[in-house]
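Student: Since the structure of chain A is already known, use the hints to place chains B and C on it.
Protein chains in written order, with our numbering: chain A, 110 to 503; chain B, 110 to 503; chain C, 110 to 503.
Honestly, the hints are just simulated from the structure, not real lab data. Any given hint might turn out to be false.
Copies of the same chain are indistinguishable here, so a pair counts whether it falls within one copy or spans any two.
[Said to hold, decoys possible] Below, a list of computed lysine to any residue pairs in the SDA-like style, where the Cα atoms sit at most 25 Å apart: (1) Lys347 <-> Phe134; (2) Lys241 <-> Val447; (3) Lys255 <-> Thr181; (4) Lys498 <-> His260; (5) Lys499 <-> Ser163; (6) Lys312 <-> His244; (7) Lys450 <-> Leu394; (8) Lys433 <-> Asn256; (9) Lys427 <-> Leu405; (10) Lys397 <-> Pro308; (11) Lys351 <-> Ser180; (12) Lys165 <-> Arg497; (13) Lys361 <-> Lys430.
What you are looking at is a predicted structure, and each value in this text was computed from that prediction instead of being measured.
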Amino acid sequence: MKNEVMKLISKLNELDHKMYGTDFFLTWEKNDAQINATLLTAKILKSLYEENYSCKLFKSGLAISNFRDNSTRTRFSFASASNLLGLAVQELNESTSQIAHGETVRETANMISFLSEVIGIRDDMYLGEGNKYMHEVADALDDGYKNGVLHQRPTIVNLQCDIDHPTQSMADLAHLIDYYGGVENLKGKKIAMTWAYSPSYGKPLSVPQGIIGLMTRFGMDVTLAHPEGYNLIPDTLKVAEKNAKKSGGSFKHVNTMEEAFKNADIVYPKSWAPFSVMQERTTLLKKKDLDGLKNLEKRCLENNAKYKNWECNEKMMKLTKGGKALYMHCLPADISGVSCKEGEVSAKVFEKYRIETYKEAGYKPFVIAAMIALAKVKDISRVLGSLRKKRFAE
Amino acid sequence: MKNEVMKLISKLNELDHKMYGTDFFLTWEKNDAQINATLLTAKILKSLYEENYSCKLFKSGLAISNFRDNSTRTRFSFASASNLLGLAVQELNESTSQIAHGETVRETANMISFLSEVIGIRDDMYLGEGNKYMHEVADALDDGYKNGVLHQRPTIVNLQCDIDHPTQSMADLAHLIDYYGGVENLKGKKIAMTWAYSPSYGKPLSVPQGIIGLMTRFGMDVTLAHPEGYNLIPDTLKVAEKNAKKSGGSFKHVNTMEEAFKNADIVYPKSWAPFSVMQERTTLLKKKDLDGLKNLEKRCLENNAKYKNWECNEKMMKLTKGGKALYMHCLPADISGVSCKEGEVSAKVFEKYRIETYKEAGYKPFVIAAMIALAKVKDISRVLGSLRKKRFAE
Amino acid sequence: MKNEVMKLISKLNELDHKMYGTDFFLTWEKNDAQINATLLTAKILKSLYEENYSCKLFKSGLAISNFRDNSTRTRFSFASASNLLGLAVQELNESTSQIAHGETVRETANMISFLSEVIGIRDDMYLGEGNKYMHEVADALDDGYKNGVLHQRPTIVNLQCDIDHPTQSMADLAHLIDYYGGVENLKGKKIAMTWAYSPSYGKPLSVPQGIIGLMTRFGMDVTLAHPEGYNLIPDTLKVAEKNAKKSGGSFKHVNTMEEAFKNADIVYPKSWAPFSVMQERTTLLKKKDLDGLKNLEKRCLENNAKYKNWECNEKMMKLTKGGKALYMHCLPADISGVSCKEGEVSAKVFEKYRIETYKEAGYKPFVIAAMIALAKVKDISRVLGSLRKKRFAE
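With the rest of the complex left out, here is chain A (with noise of 0.2 Å):
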């Protein structure tokens, strides 16, 4: 084992987290050490996984991904994390349409984890209802292992909710970090958070609120931007605040691109809906209401056309800082003249990008991973330090 690896070690060491039987919802429940301790271990799951060790944590057991909402991505990272912790993944399909409760939620929970060491969920659809669900199955586990169900209590990891995406802000950071060369390079960085056109609609809101929520913890100067009314949910512009507040940084909300792009460090231009369009999508999609749905959808569209200088361009670039901010997205971008007419970003941004949003991408199953072992792991210092073997012969 390097050098390195084992101060990464050392540090995750010293810091008094305590992840182990926790689940992780949103980031900011969880405290500074706890961020630190999930960012430490990811990395340190990924230079032990390039230094060819195997991080099998785990002999068996297994883990259980419930997406309900498409996913190619994190359903890879999801599966990559498990792999590489020695858990099998085993897939929970319910209908997406379908919002369980209740005894159903409760018993299918305990149904499913005789066995199992994380179960991590997708539930982004459906705006105040993904995070509620979560909590619900958490409660159910809670009950099955109080009550002697459940030898072990499995780790819930949120893949993406209505309120938080925390995989994805991780791994952004995570980014960040090795990008900066240091978190304490993060402080005085300016990041312009902001709405871009896209011609699809209905996309969640989670990105944007979990980047305002987390990247304001680390003395950034964040900057929210959108069209007037694509309000993010109220309370998570107040998490942001309170954060930038109490980190030394700030947190601005703006009306134009430009502004959120002027002498920015980094950019994250990325469409979403309106707060206040997501919930009546939900009240409609709970009522099963399609004229309706389709109605909102046509509304949407039209007004999402009014913005379409809203995109990420090279005229748009050079008001950042020095003209060469980072460019990030969660991926897939909306590319204007690649996968749509116009969208979140030129074709000739993204390309110069590219490589770097691929990067970013990157971490999250590392950061996934960290977030199974913490809360899984007694003793994962020691535990990490004390890994040996190869993960193949070379």
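Tutor: The following block gives chains B and C in isolation, referenced to the frame of chain A:
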């Protein structure tokens, strides 16, 4: 390894079960040594798991699941069992509407088995077909193994057919043994396997058939109750009668829930469709007569509705021994006012026994693992006794 | 380890195959050392498996399968191969109706590969597209690996494209080698790759193309036979001609089954759609012209019906050498009176060779495993020679 587990392994070692190289179709095809070996092995695996031993008897190998009907509980139980033993699950997805026979079955059975150790099959939709299909697969595997196509003969585990649901009934039995502190304490216990009202139709007969076929072997007084016409497959009643006679228990057949509940130690109220309806349904399904099926469903639901008083509620429970019989269910139950307006069990009764039903389900992964282990590992007691590795670093 | 296996490993060690870090697209892109290394490694793995050695070359890692067309046999072969080597399968489900290109392919290829060792792709639906798609994925992986996005470069295994079906033809070849007791005994054997009647249309060309492209390399006399108009991709015939010339065998092209069968040692009667039809079909599929597709199917089936006499039956088999040529098929075959009214082969002929066709299929998991192992393990002969652990306790 705890002393208690080592004693169980010694007991297993003394049984002349001869299960190596066999399949598990129906409990009444197994002799007492075999039933006991399955129960013992399940308990040993559960204990070892709870002591955090790795139970990986295999370093590689596939476990194939073939669910010709929907399943969440059994799917996860099979996945858990396979993973526990070191096997990777690969699902065989056939169209459920198709009853494959002959060359297709023979060929597919071999094609999926080159490196497979177990095939778990659920096929409970068609009366007269499910069990027959499993035997066709078994014959195909015998043929392939004998002719040198397959290096090893995968064992078949019946994950529910038209006749029996052995992984369920064995898990139920394991639960009773633990609940009463030993198989010897089941002698003389009165169990009521009764029909209950449900607003759905077409529920398989395999659970009640499995219960009367298995519980009669342990000196229990088994009462089967259902409204007139809701008969089970006649042969399964003969099995129950024969078993009861041999074990010194009894088997009674009554027409009211009240009579069955009277003085019962254990009640198992569960809906099913009449034998004759399932026969008619199979004929219609084969003919793809959708109108006929719709008509049959309508008639059946109307008939069901006459028996809404077949609900396991507090008043009914008062009839049982001391008013506190153990309530059992294979889950999910139709709970009045919770999962349906009127159902098999009142919310109050269900809630009282909810945790017990969850625990009941918790034996299934280990019962399935036991069936696989006994069929595939020659010297199973020695191998279990020599497990030393832990499932994860502690 | 048996002496015989150790000799095979020594032989492998002597081959200068340079397959580490490569992909497997078409057999005729591989030199003789590479074909031999693949055959040898497959045989070594099969032997080790049959001696109950664990062949887990990896402790973790994903094996991604991307089936853009239905598959049971190859799906299970890929799953078996991956499991044998210690990899966990994760399926990538794309809509089969969609021909993804450009940025989508490039991005997805990287997003699924952060911890992946192999991507197995079946894409045989669209003439001119399948192989091209695989190369797009390969280029994307090269790009990601070169730019530091991927820590390891997953190898690509062609699980059937529009041009070749290398895992099938290599399994067929392995079967022939075992059947005749050595590759040297194939010299001078006459093999008839002939079209056969089937009541379905649109069957891919990759099997006959793969067979004539591969079998011509071993000094065999290969005859291709089909009704007028049922041409293969012209380039593949050129490959066959070139190979035959080089190997000292021959390649002949005839228009009747009878001529091909005459004096043949081996017959491979199998239906396919004419090259021109597959081209037209691709065009129509791209245009989503459902009426055009229906019309094309009708025309083709009518045309097929003219050649119902292209059936491999006893009368036809009498023409072969001593009346006892080896019958081969990639399965499933259209068996007259069994799987269809009139088909590729009579029930009597098929039944006589059924077990042989099953054995033929049984090489596929090991051929796939060999392709993965050679591409991913640097010093494969040393690593295979050092395997010591058993797959399960004996």
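Student: Now tell me, hint by hint, if it's right for this structure.
Tutor: Hints, verified against the model:
no., hint, in the structure
1, Lys347 <-> Phe134, "within (18 Å within a copy, 55 Å between copies)"
2, Lys241 <-> Val447, "between (37 Å within a copy, 19 Å between copies)"
3, Lys255 <-> Thr181, "between (35 Å within a copy, 23 Å between copies)"
4, Lys498 <-> His260, "between (28 Å within a copy, 18 Å between copies)"
5, Lys499 <-> Ser163, "both (5 Å within a copy, 17 Å between copies)"
6, Lys312 <-> His244, "within (23 Å within a copy, 32 Å between copies)"
7, Lys450 <-> Leu394, "between (29 Å within a copy, 23 Å between copies)"
8, Lys433 <-> Asn256, "between (57 Å within a copy, 20 Å between copies)"
9, Lys427 <-> Leu405, "neither (36 Å within a copy, 55 Å between copies)"
10, Lys397 <-> Pro308, "both (24 Å within a copy, 23 Å between copies)"
11, Lys351 <-> Ser180, "neither (32 Å within a copy, 47 Å between copies)"
12, Lys165 <-> Arg497, "both (11 Å within a copy, 17 Å between copies)"
13, Lys361 <-> Lys430, "within (17 Å within a copy, 70 Å between copies)"
Hints 9 and 11 from the earlier list are contradicted by this structure; the remaining hints agree with it.
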